[in-house]
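Participant: Sequence:
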Amino acid sequence: TGANRAFPYVSDTEIDNLIETHSPKLFHLVHGPNFGTCVQALILLFQLYSTRMSLSDRYYRALYSTLLKPEVVKSNKSPLFLSVLFKSLKADVSKVRVATFLNRLIQIASEAKPNFACGALLLVSETLKHFPAVWAYVNESASTKETFRDVNEDSDESEGEGKGQEEDEEDNDDDDGDDDDDDDEASEGMKKKLKTEAKLEQGGPKGYDMLKRDPQHSGMEESCFWELALLSKHFHPSTSVMARTLLAGTHIVYNGDPLKDLNVVNFLSKFVQKKPKSVSSKFSHKSDQKKDDEGTTSV
Numbered sequence: 001t002g003a004n005r006a007f008p009y010v011s012d013t014e015i016d017n018l019i020e021t022h023s024p025k026l027f028h029l030v031h032g033p034n035f036g037t038c039v040q041a042l043i044l045l046f047q048l049y050s051t052r053m054s055l056s057d058r059y060y061r062a063l064y065s066t067l068l069k070p071e072v073v074k075s076n077k078s079p080l081f082l083s084v085l086f087k088s089l090k091a092d093v094s095k096v097r098v099a100t101f102l103n104r105l106i107q108i109a110s111e112a113k114p115n116f117a118c119g120a121l122l123l124v125s126e127t128l129k130h131f132p133a134v135w136a137y138v139n140e141s142a143s144t145k146e147t148f149r150d151v152n153e154d155s156d157e158s159e160g161e162g163k164g165q166e167e168d169e170e171d172n173d174d175d176d177g178d179d180d181d182d183d184d185e186a187s188e189g190m191k192k193k194l195k196t197e198a199k200l201e202q203g204g205p206k207g208y209d210m211l212k213r214d215p216q217h218s219g220m221e222e223s224c225f226w227e228l229a230l231l232s233k234h235f236h237p238s239t240s241v242m243a244r245t246l247l248a249g250t251h252i253v254y255n256g257d258p259l260k261d262l263n264v265v266n267f268l269s270k271f272v273q274k275k276p277k278s279v280s281s282k283f284s285h286k287s288d289q290k291k292d293d294e295g296t297t298s299v
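According to this note's numbering, the sequence shown is numbered sequentially starting from 1.
Derived from the structure by calculation, the hints contain no laboratory data. A portion of the hints provided could be inaccurate.
[Stated by the list, open to error] Between beta-carbon pairs, the in silico distance windows are: (1) 216 / 130: 17 to 25 Å; (2) 216 / 272: 26 to 34 Å; (3) 209 / 90: 21 to 29 Å; (4) 209 / 229: 19 to 27 Å; (5) 264 / 70: 16 to 24 Å.
[To be verified] Calculated pairs, DSSO-like style, for lysine-lysine (alpha carbon to alpha carbon, straight line, at most 30 Å): (6) 260 / 87; (7) 87 / 129; (8) 260 / 113; (9) 270 / 87.
All values derive from a computational prediction rather than experimental measurement. Glycine is no exception: its CB is placed at the ideal position from the N, C-alpha and C atoms.
Given the sequences, and given the hints that come with them, work out the whole structure.
Facilitator: Pasting the structure below:
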């Protein structure tokens, strides 16, 4: 914290030397076990690289890996981390990388407490204000879909008859044709091998990979924020309302701090400080009328 406070007073001529000498140690602290030290190191790295008007790919890879730490959702440093995450995303120039960060944040929010989930959805909404093109990942579905077709019974029967006729013809052929069949099978096997090798050279089947180290190469172009549909059915009303607001294509309007306002302590304190409801007016009026009637009859 002391280094972060003293950094604004460093001269511009010494910043490049500081980056070259201290950035490897700071990255080592980011990947360390202490989450508080990790957040402070990320803040200092953000200040160091922001002086160059561009953040490095190594910084974004370190920030992306930090999202997988379990302390993100339960530490008291979570507000600081979300703050540096929001600043880093605003400074990014890659739409795909921003979408990958938001997708991982939504995935974490789907398994976190309601206050963190609401804070993450609010961060997503504020980021979408700076990157309107990322709305495509909210509104559009994934580009790759599996299609299933029913097989016609007539085609199956015709194929079976054709295969039976071919087998009869093959049985009637002479033994001299066996060598030719062996050559054909060998050539087909070679073709299959060449096709598999070509697929491996091209990188295999493409798609979103949540375990990629680099967010730019995660394949987010072929996916979407489908976890928002899961959060729209959340048991907490505030979380479900925020998720449905994003799915409707509008920004979330919230003036408070959801990490503090929606935690368990503040939620239970509302019931403790709440005054009990008074008796319904209908029953009170009926009881008063009965008393008046009894009094008049006795007189």
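Participant: Should the hint that residue 216 and residue 130 are 17 to 25 Å apart at their CB atoms be regarded as holding?
Facilitator: Cβ of residue 216 to Cβ of residue 130: about 18 Å, so the range 17 to 25 Å holds.
Participant: If you draw a straight line from the CA of residue 260 to the CA of residue 113, is it 30 Å or shorter?
Facilitator: 12 Å, holds
Participant: For the pair supplied as a hint, residue 260 and residue 87, is the alpha-carbon distance within the 30 Å limit?
Facilitator: This hinted pair holds, its Cα atoms lying about 21 Å apart.
Participant: With a cut-off of 30 Å on the C-alpha distance, tell me whether residue 87 and residue 129 pass.
Facilitator: Holds, because 13 Å separates the two Cα atoms, which is no more than 30 Å.
Participant: Could you tell me whether the CB distance from residue 216 to residue 272 stays inside 26 to 34 Å?
Facilitator: This hint is violated: roughly 49 Å between Cβ atoms.
Participant: Honestly, do residue 264 and residue 70 meet the 16 to 24 Å range at C-beta?
Facilitator: 19 Å, holds
Participant: With respect to the beta-carbon atoms only, verify the hint that residue 209 and residue 229 lie 19 to 27 Å apart.
Facilitator: Check passed, 21 Å falls within 19 to 27 Å.
Participant: How does the Cβ-Cβ distance of residue 209 and residue 90 compare with 21 to 29 Å: does it lie in that range?
Facilitator: Taking Cβ atoms as reference, residue 209 and residue 90 lie about 26 Å apart, which means the hint holds.
Participant: Hint check: residue 270 vs residue 87, CA-CA at most 30 Å. Holds or violated?
Facilitator: Roughly 33 Å separates the two Cα atoms, so the pair is violated.
Consistency with the previously given hints fails for numbers 2 and 9, ordered from lowest to highest.
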